[in-house]
Structure formats: structure tokens, C-alpha cells
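Undergrad: Respectively, the protein sequence lines represent chains B and P.
Anchor point for the first sequence: position 66 equals 69 in the numbering used here, and the numbering is continuous, going up by one each time.
Anchor point for the second sequence: position 397 equals 456 in the numbering used here, and the numbering is continuous, going up by one each time.
By construction, these hints were calculated from the structure, which means they are not laboratory data.
Check before you lean on any hint, since a few could be wrong.
[Claimed, not checked] Calculated pairs, DSSO-like style, for lysine-lysine (alpha carbon to alpha carbon, straight line, at most 30 Å):
1. K325(P) / K456(P)
2. K40(B) / K456(P)
3. K16(B) / K345(P)
4. K293(P) / K40(B)
5. K79(B) / K5(B)
6. K79(B) / K92(B)
7. K406(P) / K382(P)
8. K6(B) / K282(P)
9. K423(P) / K8(B)
[As the list claims (entries may be wrong)] One-sided and incomplete, this derived list gives chain B residues near chain P with beta-carbon spacing under 10 Å:
10. V28
11. G30
12. T113
13. D114
[Claimed, not checked] Incomplete in silico selection of chain P near chain B, CB under 8 Å:
14. S261
15. H262
16. L268
17. S307
Yeah, the Cβ is synthetic: ideal placement off N, Cα and C, and Gly gets one too.
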Amino acid sequence: MKKIKVLLVDDEKDFREIMRPVLEVEGWEVIEASCGKEALEKVKQERPNIIILDVMMPTLDGFTICKELKTDEKYKNIPIILLTVKFGKADHERGIEVGADAYITKPFETDELIKQIKSLLQA
Amino acid sequence: MFKYFLKKIFKSRDEQLRLLRKKLEKEHNAVKILENFIENKSRDFFQQKEKFRGLLEAAPDAFVIVDKEGKIIMINNQVEVLFGYAREELIGKPVEILVPEHLRTKHVEHRKTYFEQPKKRTIGIGLDLYGVRKDGSRFPVDIALSPLKINGDFIVTAAIRDISEHKQTEEKLRHAAAVSSEAAKREREMSELKSEFIQMTSHELKTPLTHIKAGVSNLEHLKLAPKVRKRIFKIIDGSIHRLSTLISDHLDLEKIEKGKMEYIIKPHHIALMIRNAVESFHLFSKQRGVRLEYKISHTTPDVLVDPDRFNQIMTNLLHNALKFTPEGGGVTVFSNIKGDYLEISVKDTGYGIPKEEQTKVFEKYKQVKDRLKKGQIGGTGLGLPIVKALVEGLGGKMRLESEVNKGSCFSFTVPLAKKQKKVA
Ligand SMILES: Nc1ncnc2c1ncn2[C@@H]1O[C@H](COP(=O)(O)OP(=O)(O)O)[C@@H](O)[C@H]1O
Ligand SMILES: [Mg+2]
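If we strip away everything but chain P, and leave its shape as in the complex, we get:
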């Protein structure tokens, strides 16, 4: 009956708790009865043996009764179950048989001091106590001791409880705590990242705003030389452009991220689209002193794209290539058929991107460090994330090859309108 309780593997936590409570009540009662029994001052302990045994057996925990010398004089059935010994194997043996070997000498000392001043108490709370089975295996226990005075001599009852399950729960709790602190850490990192975003954006937003505000105030209040006036107009104009790019980039990225970007995909003549994109940078490339050319044959097969989105991809890549290439360098656009896709590449002979930054540049707001030192034109750090998302939205893939001080090659694929005949 009680074996059943001990052996039962509790399925649910509630069930476990309910049974645990029941067990505790039972034990409490058993101890009460035991105490009453003692208080009744049975004249002869051994005469009452059977009655006493009945009580012992009723207790859910393992009970070991030990005499002054530390010999086991009585056990209940739960001890046999828990420790794997037969009753005969334990009776008359030192109680240390149930204690792990390395603790046995200590236990003898403890036992002796205990008998000098016996008190009802629990041991093991907050300590890691172990019992050892006949097969040598160990298990964690809680132990409650209570002394009985019989015929002027003390004997001690030890109630032993296997707390493996308890330990496991504890272990689980500890694990859960670790997991949740990990989650909290991640949460913290996220919010740090978030505030970093906010800071970045607010920096990006407020910088051009500062220029516009101060510039307008200058034009209004100061007598400026015509040349300075012109410069300030230009800066204001540039700042407004920067601001509007930032806002539209943000809106675009948000749209893409929320899956709200609409693509109108139809077959298009690629050479024409690329020529238009490249030509729109004619002036900029002249200003930068960077050669800009494209090598796309008119016979290149049509691709399936949304022309506006395609143009947005090309514009971003070309702008970057020209921006991050020093005077005298060059930017080339070319394409290659790859299976059912056309791969378009924008290659420059610019500053390049270090290996460790190559995946980062596709993340929001990420710009290669020390680029600003070179006095480059500031950007939003949103261009490449948008490009990547758009390429993927059109069913293609993005690829980057780059070497510092040699140049970069940003490539992306788009589906061909007609499937290519497979070359065997």
C-alpha cells in the first residue's frame, strides 16, 4: 500500500503536490501517535513491539530506530524499499551502513554528540545529505531525528525521506530560473538595441533638421556673401533630401518587413532597365570622378520583376558603389545567366568591406566603421537592408564579395521569364 506511494511516479505536478500533502499529513499523524505512545509510558517497549511496528509501518517515510551504540534495532518496510536491504541484513548493524562511505566516520561522531544532548530536529535542510543503497547507489535525503527515552536509555528514531524528486524539481526550478534570466538578458539586449535604433534614428533625423533650422536662420538674419548664401542653400537642400530619403527608406523597410510591399511582376527587358538606372547616375559619377559603365547585351533574356522595385535595388547599389569608391576608380554593371535566374552584379574598385562586416552591412543602421573618417557622404544605413529584402521579395538572392582596398561586388539574382534549356 505505502510501497505503492513511494514507487509511484507522479504524473502531474498537481497530483504530486496533492499526494505530498497527504503524505505529510499521514506522517504527522504517525509522529503524533508515536509521541502519544511514548507518553503513555509503555512499561515495556518490546512488549509493545507489534503495536509499535504497526505504527511504524503506517508511516510513509522510512523509519530507522537506532540504539545508543548506533546499532539498528528496528526498521519499517519503507527502509527495505528505499535502501534495497532485507530487514535481517540491517538489524544489529551500525546505522552507518546506510550512510555514504566517505561520511561514515563523521556520522559516528555526530551520532555520539547527538546522544549526549538528544533533541528532536531535522538534519539535512540546506545540507546535501545522501543515503546509500545496498547496490552502492546514492540518493538525496532529508532526515528528521527524534529521541525516545526507554527504560532510562535513549534510542533515536530517524525518519528518512527520499527527496530525489524534490531535487529534480529544484533542479528544474533552477534551470527555469536560468532560462528566465537568459530571457531577461535577451530582453534587456533587445531594449538596448531598440533604444540604439531610436538614438540612431533620432540622430539621423535631427542632424539634417539642425542644419535646416540653423541654415534658414542664417539666411534670414545674417548678411552673407553671395557665395556663402549659395552654399547654405545647397546644404539646406541636401539636408531636406537626406531627411526625405530617411523617411521614405523607413517607410519602405517597414512595408517590406510587414509583408505589405506590393510587387507587380511582369517580364521586362533587362538591358533597358539597367541602362536607365545607370544613366540616372551619370552626373553623380562625374562629380565623384568615378567611371561608370555597364556591360549588358541587348540579347539578354527578359526577367520577371517589378520595374519600380528593380530600379530601387539598382539605385541603392549604384549609389553605394559610387559613394564608396575614391576618385579615379570605376563601377561596372554586368550580368550572368545562372540556371533559371539572371545574376546582376554591381562591381566597384572602392574601399571594400572587411570580412567581419560583410553580413552586418545588410542589417539595419549598420555602417562600416571609420568610413565617416574618410569624409564620406553620410547615409541612413537602411539602403542594403532594403535591397536585400526587395531582392528576396522578387524571388532572388543577394551575394557580396569584397576585399578591403580592392573593391566590392554586390550581386543579386532575378528569375528569368522563360526557363532556360538545360545544358547537359
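Same shape as in the complex, but just chain B:
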């Protein structure tokens, strides 16, 4: 059976380093991207099964990337979980509007993220 690929997009290197073992322990392969441009490249190259996407990044933000992927026939079926420190309804609505499959606010329980990923992978 092929390993499930998780693409982790966050400009904070520390965050990617910390999240890697959390995802690997589930038996998933972790691919990292540190900015929006890299994220789009990795999606094309690696065809991940799911994307964990930080919203607040310099240059291309998470909403934009999400929208771009969700309007592309080739990639729109890849589930996307948006991660953000932002709060408030407006952002949540924006997340839905750009077609995100789930929306998690930082800081979060790692369990919560794993559960979310699993349910989206099964769907």
C-alpha cells in the first residue's frame, strides 16, 4: 500500500519541525513547503493526499492558495485544512468561501488535527 502524503505548508520552520513527528507517527509521509509558491509547486510534483495550510504567510497567503487549488479541476479534490491564529467569523467565512474542507485555529491540540485529517482522508 502506498504511503499517504501530507503536505505541510507554514512559513515557520519551527512549526514544521514540531509537526513532522506528530504526522509521521501515524505512518504518513510528510512533505514541507515554506511559502505559497513552493506549496503550489509541491502540490504538482508530489500530488499529496491532504494539505495542511497556514493562512498567515508573507507574499501568497493561505486563502489565496486554497482558492487557487480549489478552482483547479486537477487539484480540487485534495482536502485542505486551513490553520490560522486569526479568530472571528469573517475569517471562518472566508475559509469556507475559498473552499477549505476544515478550519483549525492555532494553538490547537495535536489530537484535534490528527482526527480532522483522518476523517477527511476517509471521506
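We have chain B already, so just place chain P with the ligands on it with the hints.
TA: Relative to chain B, chain P with the ligands alone:
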């Protein structure tokens, strides 16, 4: 008497309103009397001329009475005042003499249609109507028309009111509205900025918190290789440091902004203070692979500073210089006497700051764009605002020279303990 009313320049708004109301009441009465007068069906209009004139003169507005042909047959004194003509100059003339030239032909047509179906009505509401004086100057007016049937023929009374003041008030109101919408816009911008601050801070606060939370959970639940464990401890430690710097920077800035920062200013040996500050970055500069040196002579005269605040300034500037200089570069600290001040400079051979960003970096939360792309160590964007405020608090000034990809030089002055002998 009424001239007096017309000419009076009203001093206060209340006064103006009060008089306006009075004027309106008077006019209303005059019109009433006029109507009664007509209803009384005076057999001969001209026999009643004097009585009628008395009434006309009592009205606060200018009255022009026009016959079917549009000739002026009677006016009151207010017309003379308002239009600057003598009575004789107007009687028998077409009423268009009082109308701006470019509207005269139109006015003739309007007058004709009006006479076909005369009705009491106001013209000019919502329209910009103007009267023209003998000297050719124009002024805005409101006009009320009412027809009178005399001996089977219609004549028309036009009550004309100069509304220049009214227009000015309107103008003022419009201006006030513009000002207030400008204020509202600024308010909106402020609140956008405020929420931007909140967002920035919450991002800055929650990012390290996220790392700490997830890191602790990893250490607790996962079987990690010793190397990974060590890394995670390190990240947690760094995040805690980041968090505490953020909080203390915030508190410092707030203190400075509210004028609550206390300075204990005494003469101090500058070379020693700088050496201490530079040495505390020994390890960091090694890690970054950036040379760090200072060129301050031991004979440099003493300065008047608060040593803790001075150290805070130096620490921020040195940290930035090392942070924003790539491996292999260098950071140098030196000083120059400038009048009664000593200028201390922290110069690096780093990335530099584009011209348009050079004043912005001293603003809260402002960080040069695309710096993050270079994988730099994140900061709070509060360092330089604090430095600037502290330098000013100590009685000095901040200066920045920088060129992209060449390097930056942050300089600040502090007062010398002893005034220098002036060199002629
Ligand atoms: N020596 C320097 N060289 C280049 N850029 C600098 C230097 N010092 C400061 N900057 C720029 O100014 C910004 C604001 O600096 P600062 O207020 O100290 O915030 P922080 O260091 O937390 O980012 C930095 O993010 C950086 O972009
Ligand atoms: Mg700084």
C-alpha cells in the same frame, strides 16, 4: 427699518435663526394681508395704490409686480436695496433686467407659460436661481410667485429673497459634512490599523504558543529519537524566549509611550559599556558567522546616560545588525564627537533597507517585506521603535543610513558629560 434687517450681518447662528423666523412670520402676514386685500376685491387697483404700497414696503422680501407683458409695474424698497437700481430705472422695464443674461430668453418663455396657467408657487427650490444687480454681480435667490387677477387681467407678484447667507450656511454644512466624513474615514483607518495591531500581536503571541503547546504534547506522547527530542526542547525554549521578549517589549514600549519610563542618568564610561554590550553577542556572532568588532577608544569622554537603557539600545541594534547580515559579513561599532554629543554607530554589511522603508522600520510592527523569505529569525517589529524612543528619552537623536545589499548604519547621539570646548 427693513433695510436694516436686510443689511444686517448676523453675528451668531441663534440670532440669525431668530431673525429669520421673525422675517418669515412678517412675510407670511404680508402675504395674508395681500390676499385679503385682493379678496376684498378693490374695484380699482390703482386707487388703492398707496395702501398697497404700504403693505409691500412692510414685507421683508423684495417684491416685484409684473404685468402680463412682463413689464415691471411696481416694486418695493427692498428691490432697490437688493438689486441696486433706483425705482425709476425699473418701472416699465421687462422683468428680465433682473435675470442673468444667459437666462433671459428662457425666462421670457417661462413667464409666458406661467401666465397661461397662473398658480401660486415657489420657484428656485432645489434649483440654482440667481438675481443680477445693476453692477452686474449675481446673487442666489429664492422666488415665490403669486398671480393676482385685476380687472380680468393677471398680474404677478414675485417675492424674491437673497439666499447668499443661506447658501453660505449650506456651503459650510457641506464642508462640515466633508470634514466629518474625512474624520470618519480616518477613524475607520485607525480602527483598521488597530485591528491590524491586534492581529499582528495575536499572530506573534500565538505562533510561539502553538509551538510550545505542540512541542510539549510531542514530548509527552511520542517516542522520539534523542536528536528530535533535543530539537523540540530547543524550539520550545526559543518560543518561550520569543514570547517573553514580545511581552517585555510591549510593556517597555507602553511605558515609554506613556512617559512612565524612568531614567537614572549619570556620567558613564562609554568604552566600557560598549565592550560589555558587544561581548554579550560574542556567541551569537560566532553562530551567525558574522565578524563583530568595536572601535571605541578608552579616552572617549564620558556620556550622560541611564546604563540599563543604553544597554537596551545597544542590544537591539547589535541583534538586528547580526540578524540581518549574511554569513561572512561584519558588524562594527564606533563613535564620533558631535558638538556636545557623542554619536555611536552600529554598522553592518548586511541586506540593507530600501529607501522607502527607512522611516517605516521605526514604526511599531513594521518589518521589511520579503525578509521572512530569506528564512530570517522572526522578531516582533518592536525593537527599533523602542530604540528610537529610548534614544529620545535620553536626549539624543536617531539616524539611519542604509543601502540595499550593501549594509546599514544605525547611529544615535547621547549627551556628553562635560561640554566640549568649541573649536573656532
Ligand atoms: N541592521 C539592519 N539591517 C537590515 N534591516 C534591518 C536592520 N535592523 C532592522 N532592520 C529591519 O527593520 C525591521 C524592524 O526592526 P525591529 O524593530 O528591530 O524589529 P524585528 O527585529 O523584531 O524585526 C526588521 O524586521 C528589519 O526588516
Ligand atoms: Mg529587532
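Undergrad: Each hint should be assessed against the structure and marked as holding or not.
TA: Results of checking the hints against the structure:
1. K325(P) / K456(P): holds (18 Å)
2. K40(B) / K456(P): With Cα atoms ~42 Å apart, K40(B) and K456(P) exceed 30 Å; violated.
3. K16(B) / K345(P): holds (22 Å)
4. K293(P) / K40(B): holds (29 Å)
5. K79(B) / K5(B): holds (21 Å)
6. K79(B) / K92(B): holds (24 Å)
7. K406(P) / K382(P): holds (13 Å)
8. K6(B) / K282(P): holds (21 Å)
9. K423(P) / K8(B): Outside the cut-off at roughly 40 Å; violated.
10. V28: Status holds, d = 6 Å.
11. G30: Violated: closest Cβ of chain P sits about 13 Å from G30(B), beyond 10 Å.
12. T113: holds (5 Å)
13. D114: This interface hint holds because 8 Å falls under the 10 Å limit.
14. S261: holds (6 Å)
15. H262: Holds: closest Cβ of chain B sits about 5 Å from H262(P), inside 8 Å.
16. L268: holds (5 Å)
17. S307: violated (20 Å)
Checked against the numbered hints listed earlier, the structure breaks hints 2, 9, 11 and 17; every other hint is satisfied.
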